[in-house]
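Q: Please take these sequences and the hints and turn them into a complete structure.
Residue numbers (our numbering), protein chains in the order written: chain A, 2 to 535; chain B, 594 to 847.
All clues given are correct.
Only some residues are given here: those of chain A computed to face chain B with a beta carbon under 10 Å:
| id | residue |
| --- | --- |
| 1 | 280 |
| 2 | 298 |
| 3 | 300 |
| 4 | 304 |
| 5 | 308 |
| 6 | 375 |
| 7 | 376 |
| 8 | 528 |
Rather than coming from a laboratory, the hints here were simulated on the basis of the structure. Note that the coordinates shown come from a computational prediction; the quantities given were computed from them, not determined experimentally. Positions of the beta carbon are idealized from the N, C-alpha and C atoms, including for glycine.
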Amino acid sequence: MVAAILRLRWRILLHQFQRDWWRLLFVALGAVWSLSLVPLLVVGSATLSTQDSEIKQFSLIAVAGLIGIGWIVVPLLATGVDDSLDPARFAPWGLDAKRLMPGLGVAAFTTVPALFFVAVAGVMAATWRGEARQGPVLLVAVCGALLTAVAWVFSARLATLWAVRLLATRAAKAVISSFAVLTVAVLGAIVALVRSDGIESVLGSEVVTVLTQWGRTPLGAGLAAPFSIVRGNEPGAVWRLAMMAAWVVLLFFAWRAAVAHVLVHPVSRGGGARRRRDAVLESARRSGVIRSRLSPVTRAVLVRTLRSWRSDPRYITQLVGAVVFPLMMGALALVFAGDAGVWIAALPVALGVTIGWGRHNDLAYDSSGMWIDVVSGVSGVDILRGRLLGVALWAGPAVVAASAVAASLAHRWDVFPAIAATSLGSLGVALGVAAFTSIAMPYRVPAPGESPFGADAGSIGASLVGQLVSSVGTGALLPFVAAPLVAAFVWGGAWWAVVLIWAPLSGVAASWLGTAFAGKVYDSRTGRLIGAVS
Amino acid sequence: MPSDRPALGLYGLHKRFGRTVAVDGIDLEIPSGSFYGLLGPNGAGKTTTLSMATGLLTPDAGVVMVNGVDLWAHPRAAKPMLGVLPDGLRTFDRLTGSELISYAGILRGLDPKVVAERKDDLLAALDLGAAGGTLVTDFSAGMTKKIGLACALIHAPSVLVLDEPFEAVDPVSATGIRTILKSFVASGGTVIISSHVMALVERLCDRVAIVGAGRVLAEGTLDEVRGGGDLEARFVELVGDTSEQRDLTWLQQS
Chain A
2 MVAAILRLRW
12 RILLHQFQRD
22 WWRLLFVALG
32 AVWSLSLVPL
42 LVVGSATLST
52 QDSEIKQFSL
62 IAVAGLIGIG
72 WIVVPLLATG
82 VDDSLDPARF
92 APWGLDAKRL
102 MPGLGVAAFT
112 TVPALFFVAV
122 AGVMAATWRG
132 EARQGPVLLV
142 AVCGALLTAV
152 AWVFSARLAT
162 LWAVRLLATR
172 AAKAVISSFA
182 VLTVAVLGAI
192 VALVRSDGIE
202 SVLGSEVVTV
212 LTQWGRTPLG
222 AGLAAPFSIV
232 RGNEPGAVWR
242 LAMMAAWVVL
252 LFFAWRAAVA
262 HVLVHPVSRG
272 GGARRRRDAV
282 LESARRSGVI
292 RSRLSPVTRA
302 VLVRTLRSWR
312 SDPRYITQLV
322 GAVVFPLMMG
332 ALALVFAGDA
342 GVWIAALPVA
352 LGVTIGWGRH
362 NDLAYDSSGM
372 WIDVVSGVSG
382 VDILRGRLLG
392 VALWAGPAVV
402 AASAVAASLA
412 HRWDVFPAIA
422 ATSLGSLGVA
432 LGVAAFTSIA
442 MPYRVPAPGE
452 SPFGADAGSI
462 GASLVGQLVS
472 SVGTGALLPF
482 VAAPLVAAFV
492 WGGAWWAVVL
502 IWAPLSGVAA
512 SWLGTAFAGK
522 VYDSRTGRLI
532 GAVS
Chain B
594 MPSDRPALGL
604 YGLHKRFGRT
614 VAVDGIDLEI
624 PSGSFYGLLG
634 PNGAGKTTTL
644 SMATGLLTPD
654 AGVVMVNGVD
664 LWAHPRAAKP
674 MLGVLPDGLR
684 TFDRLTGSEL
694 ISYAGILRGL
704 DPKVVAERKD
714 DLLAALDLGA
724 AGGTLVTDFS
734 AGMTKKIGLA
744 CALIHAPSVL
754 VLDEPFEAVD
764 PVSATGIRTI
774 LKSFVASGGT
784 VIISSHVMAL
794 VERLCDRVAI
804 VGAGRVLAEG
814 TLDEVRGGGD
824 LEARFVELVG
834 DTSEQRDLTW
844 LQQS
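A: Here it is in structure tokens:
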């Protein structure tokens, strides 16, 4: 079965490469990029190998811990993961998890990231060269590093399957909210600690304590084990390696249990929810100054877009991803750059950009029923504005709230209006650019009910083009919105007033013009769009 | 009253996907007021043809006329005359069945009051009353088909293009749908269905076209196409060849 699954994987890849040669190019580019990092890693390892063994230990534990967290978090926050061996696809064949697992386990190590990080683990093990008792130390280092690498790969697969299962339940929102609150609380505590004690003090005390504890957990024990040998504490190395081995076995069986569940539990997509209200009709009946300015089509699209943001796992994962990355960047900026105003202002502006940029493939996520829009012959502008408002209604308050947090952290409530205005402007610009790229360069995404963390392997090249154009477009327009804020920080005076007027206006104009232009493109491409995304 | 103009005219339609020619010059005129069956084996190009005929897929070449209006040149004028049920496409599955029908009605420019009345009628007529409050994502395949049909009917179009409308639909609901469609044709409307089920086509349609390899192999009234025999035999004669059917002896149980 192992050989059959590996052959299947290679066959799928081969067919994809034969159909679209450029996919091979992207895989090759990924491999070349990975290889280009090897000299850097080797030099880093060589430098570290000459350091004191305690520094060596803490450095390796920190790197291993961060990579371990990355292997769990990145597949959950970033779509585009190759799902060609999604266990749910084996469900019709009547195979049980026990027969599948050896093949899936081996196949998990045939991806470029897995091979690269196994090599990284090897380089990390080699850092322990040059110690006394070279033989035992290196043997333990290699065993510990390989067990750690296996744990990285297994934990990623398990986390994805558990997340898919969670997102199909009604408890998903509560769990995601709890994680978000926990993440913000932890980041907040770290920032507060660094700001009160200073980075050097924290590195010398709290970080050492955390890393020491990580060295006793599966996150870092594999890399900490050689240090025990160096210190003559053989039992310390033995229990760490034993714990890592047990952890790998535990992950494997948990993964197997998750696969077994997936095989007999197709995703229950709606969770059995029922609604008495017809929100579409209610929205059409309501009147009001703002509503009356929107076309009935835009209002109807707005209702279903808001529903998607609340209940579709694919949208929820994107929302979490769009918010978490800038928060993490902001926390890092606060830790290392202190409370310099410009860094504080960058956080909510970055949030606006990432949320807007994230909509660069909006059409594909919203395409499941696009045929109704197309056969109805409605204007593309009306459709796109409904979707735009569906994002703006939650993203606008989110960037304003982030601006308030930033102003509060900086103790600069005087700059809050300017930061909020610029953040809204950056959101508008990014949404305007994204509206165009989503129509001009759409690519396939997981369909409703499929794993929201997967991607059609064929879409990877197209996604890179879409992301690149979106990034360049947003990057080119952003200075027009953000420049007055920078000028206000530098020169002050009337610039603060300019920001308040210019930034929101330019954001609204960019998003409105972006959707108007994209709507024209939509109208001219309706007969091609469904084929491009389904 | 049916008009002299074809309800749907397809002229020289071509479509190619890479090296595969899906539709290779289809010409069809579907008379107004007819119940028209489009037949063909898997991969014959039926869905591709109907997609191009309804504005879902751009043809490489050819013209589509809806009641004399060029669909691809004047979509805003032609599309309101069409009611469409595609096959194999998903729908906005986070809406309830009731909301999806309302959504289709609003997009068709109907007044909310009219939408509310017609929606209730359609839910009852298609036996979807209890499913109105359920998210479409939790619908069975047959229910999804029926809710798609409701979306196609909500604006009372003059031409209905239905791709495999009875697929996965239970016999009771199918009877109800047949009654609705027959009544629609009797009142002057035009229905075009694609199907693999010969008995169904013989029972419902007054005209048929058989397509194979992206071309029209036979077209005319039911009797003209049958040529005195039965439709299935004629279909197999035109598109199929079972003479080389392998005998799967290993499948025999005794």
